[in-house]
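A.B. asks: As they're listed, the protein sequences go chains A and B. Residue 1 is where the first sequence starts when you use my numbering, and the numbers rise one by one after that. Residue 1001 is where the second sequence starts when you use my numbering, and the numbers rise one by one after that.
In short, the hints are calculated from the structure, not lab data. Among these hints, one or two may not hold up.
Simulated pairs of lysine to aspartate or glutamate, EDC-like, Cα-Cα distance not exceeding 20 Å [what the hints assert, rightly or not]:
id : chain 1 : residue 1 : chain 2 : residue 2
1  : B       : K1066     : A       : E120
2  : A       : K329      : A       : E363
3  : A       : K28       : B       : E1281
4  : B       : K1172     : A       : D199
5  : A       : K40       : B       : E1281
6  : A       : K28       : B       : D1231
7  : B       : K1066     : A       : E233
8  : B       : K1172     : A       : E270
9  : A       : K80       : A       : D199
10 : B       : K1188     : A       : D402
To give an idea of the chain B side of the interface with chain A (calculated C-beta under 7 Å), a few residues [as the list claims (entries may be wrong)]:
id : residue
11 : I1028
12 : Y1029
13 : K1060
14 : F1062
15 : A1063
16 : P1064
17 : W1124
18 : T1127
19 : Y1128
20 : D1149
21 : P1176
22 : N1183
23 : Q1248
24 : T1251
25 : R1252
26 : R1253
Owing to the predicted nature of the structure, the values given are computational and were not obtained by experimental measurement. By construction, the Cβ of each residue, glycine as well, lies at the ideal position given by its N, Cα and C atoms.
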Amino acid sequence: MDLLRFITAGSVDDGKSTLIGRLLFDTKNILADQMEAIEKASKTRNAGEIDLALLTDGLRSEREQGITIDVAYKYFQTPKRKFISIDAPGHIQYTRNMVTGASNADLAIILVDARQGVVEQTRRHSLIASMLGIPHVVVAINKMDLVEYSEDRFLEIAKTYQELAQKLKIKDLKIIPVSALNGDNIVDPSANMPWYKGDTLVSVLENVNVLNDLNLTDGRFPVQYVIRPQTPELHDYRGYAGRIRSGTFRKGDRITVLPSEVSSTIARVEIAGQEVEEASAPQSATLILDDDVDISRGDLIVASEAAQPVVSQDLETLICWMDDRKELKVGSKFTLQHGTSRTRCSVRSIDYRIDINSYEQLEDIDTLKLNDVARVVLRTANPIAYDPYAKNRTNGAAILIDETSNVTVGACMIE
Amino acid sequence: MSLTKEEIQPAKSIERLDYLDQLEAEAIYIMREVAGQFERPALLFSGGKDSITLVRLAQKAFAPAKIPFTLVHVDTGHNFEEAIRYRDELVEKIGAKLVVRYVEDTIKAKGLQEPTGKNASRNWLQTYTLLDTIEEFEFDACIGGARRDEEKARAKERIFSFRDEFGQWDPKRQRPELWNLFNGRIHKGENVRVFPISNWTELDVWSYIKRENIDLPSIYFAHERECILRDGRLLNNTPVIQPDENDQIVTRRVRFRTVGDMTCTAAVESDAATLDEVVAEITISRISERGETRIDDQQTEAAMEDRKKGGYF
């Protein structure tokens, strides 16, 4: 049984919390005491009807305001798969949370209210899903019960969305009519919509193929830590610990260390102290090399025969700015964290800002504010070895750290 | 000491990488990030199954070397003796450094008022001892076994959870945590709590313990025990809990689902005496772990949120 991480994007008004509650409830993942707590809370706040949305409301300040502040994680399983549900708030001021949640997701569920159709928020969520390179998108057209389960309405919205998806180059798209409130097309096919012949939401979640999303060709191994036991019997042991980001590493493979470009051969691949023939993404492994080369945290070990990453100090990036206290300006300096390496960087130029609702490119931009998305050119103090984000989601991503507050202020996708 | 042959499982190729392998790979990655990013990391060890799992993951992350973390145990003085014995044997076996600090000492030194009354527990006072210990040893990172499926506030906490110089968690000002890029940069005096098994569920932990054949303290398995029956819950009959006229002393076949401070950890009736039986029992269980056994979370809807804001782990 494997694991699928999915993000659900939408607002409280689209019935997002109800949808997640429904997924947990219909797959029998709500435990007796949790149900009891919800029943109790429903009684005090609503007219007594059980509110499945309460399952996902976490913090007191969120319950008081009836909104979701932060990314929340829920865990459930069916006989086929384990799921991590990432719940990101839909309000505009929380774009940074959706970017955060989307960065680790295999699949995105984008909620559309059948009465409203594709709205500004749908466009925003879809852009973020596409920008973050989520391989699979499911559009759940919700509240079908409020449009009399109309096939015409469904087809109308689906057509509009497909046009949008084409612009965004969304690869794998499924559109499903649902009612989260009543459970239509969540686990079982809906009796109210016999015209819909496609998969139910849970069936898509259970069967989507994520193995093909892994890049198993380009060997990338950022070194996290050097293991040196320094005991008498392991006096010369020097193991490079890391998690394989893409590709496979085998005993005997030639490797290149970047940015130094030193080469060597893999003498041994270990997992948890035990020798193995090979290890692949996303395994955590330890590599032992033939030669005594100078490698430390921050270096990238690359399979020599694979396509090589770009080594450069000039980065063209798409940045989502996440700080509400400071703005990003030309000349601003940060620490850039890419893989396990950190280097200083400065902003060379802001080429344009992307209006995340209209997708328009706005030029003559001087500063970026919280939740802005823009194309930004960075210059780094030391070269970094990257792959374009579109080709390699793990080796094309970086974060910006403010050098005085130490806060993570930006998400970068290197082009 | 490194892992024994029996403790090492054969590695799997990508086609067979199942959810436990994925969770393990992620946890090992997080452990290594801690070792790579911090100067003085500690691993908070309680003798409970979650922190025992952490120790195994740390051993795997750094094999064949010893784990590069100091084990820290904040002892409320109300711990199960089986858990303490287990702790000492484990530390001996893996050759780790152990620091134990006692809540009792903090109470005396700071003149703290111990909670009184029927369900009085020192559990909350642990925070003071923990913060003092962090200060004493200048720990910049503390690895803990908290899981997001345990509780609502934990479901929203980052894997690298920043704490200010007072140990406080501010849910509204958490650092965005993107991809697998963990930002552990801090100023002196601040620290980061790190939760490598954030994405594990209770069943995942048990399934992993079973798969890895990890030895656990005996109280996790069914045994006869004299208990105090209070409000439908079975508490260990110990001098630190004062029964009153409404309580009954009973002998039941029980096991513990969580192992913490005795004053706030209840037992469950069970016949599950082996790992297989425990996993089977949890698979069909319809009550969550904290709901069944943690008395400290039941007091208000936001009990954990409040404790975390105050520096609790």
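A.B. asks: If a hint holds in the structure, say so; if it doesn't, say that too.
C.D. replies: Outcome of the hint check:
Distance hint between B/K1066 and A/E120 is unfulfilled; the C-alpha atoms sit about 54 Å from each other, more than 20 Å. For the hint pairing A/K329 with A/E363, the CA-to-CA distance comes to about 14 Å; that is within 20 Å, so the pair holds. Among the hinted pairs, A/K28 with B/E1281 is consistent with the structure: their alpha-carbon atoms are about 16 Å apart, no more than 20 Å. Between the alpha carbons of B/K1172 and A/D199 the distance comes to roughly 38 Å, so the proposed pair goes past 20 Å and is violated.
Restraint check: the Cα-Cα separation between A/K40 and B/E1281 comes to about 27 Å, which exceeds 20 Å; the hinted pair is violated. Under the criterion of a C-alpha separation no larger than 20 Å, the hint pairing A/K28 with B/D1231 is inconsistent with the structure, at around 28 Å. The straight-line distance between the Cα atoms of B/K1066 and A/E233 is roughly 13 Å, inside the 20 Å bound, and the hint therefore holds. Distance check on the hinted pair: B/K1172 and A/E270 sit about 41 Å apart at the alpha-carbon level, beyond 20 Å; violated.
For the proposed pair A/K80 and A/D199, the alpha carbon gap of about 15 Å is at most 20 Å, so the pair holds. For the proposed pair B/K1188 and A/D402, the alpha carbon gap of about 16 Å is at most 20 Å, so the pair holds. For B/I1028, the interface hint holds, since its Cβ comes within 7 Å of a Cβ in chain A; the closest pair sits about 4 Å apart. Look at B/Y1029: its Cβ gets to within about 4 Å of chain A, closer than 7 Å, so that hint holds up.
A cut of 7 Å between beta carbons decides the hint on B/K1060: the least distance to chain A is about 4 Å, and the hint holds. For B/F1062, the shortest C-beta to C-beta distance to chain A is roughly 6 Å, which falls under 7 Å, so the interface hint holds. For B/A1063, the suggested interface contact is upheld, since its CB lies about 3 Å from the closest CB of chain A, less than 7 Å. Evaluation of the B/P1064 hint against chain A yields a held restraint, the C-beta minimum of about 5 Å falling below 7 Å.
With 7 Å as the threshold, the beta carbon of B/W1124 stays out of range of chain A, its nearest partner Cβ sitting at about 18 Å, so the hint is violated. Given hint, B/T1127 at the interface with chain A, is violated; its Cβ is 19 Å from that chain's nearest Cβ, farther than 7 Å. Look at B/Y1128: its Cβ only gets to about 23 Å from chain A, farther than 7 Å, so that hint breaks. Proximity of B/D1149 to chain A holds as hinted, the smallest CB-CB distance being about 5 Å (cut-off 7 Å).
Satisfaction of the interface hint for B/P1176 is found here, the shortest Cβ-Cβ separation to chain A being roughly 5 Å, below the 7 Å cut-off. Because the beta carbon of B/N1183 sits about 5 Å from the nearest beta carbon in chain A, less than 7 Å, this interface hint is met. Checking B/Q1248 against chain A: minimum C-beta separation of about 23 Å lies over 7 Å; hint violated. The restraint placing B/T1251 at the interface with chain A is violated, with a minimum CB-CB distance near 26 Å, outside the 7 Å limit.
Interface restraint check for B/R1252: the shortest CB-CB distance to chain A comes to about 20 Å, outside 7 Å, so the restraint is violated. Taking 7 Å as the C-beta contact cut-off toward chain A, the hint placing B/R1253 at the interface is violated, the least distance being around 22 Å.
Comparing the model with each earlier hint shows violations of hints 1, 4, 5, 6, 8, 17, 18, 19, 23, 24, 25 and 26; every other hint is respected.
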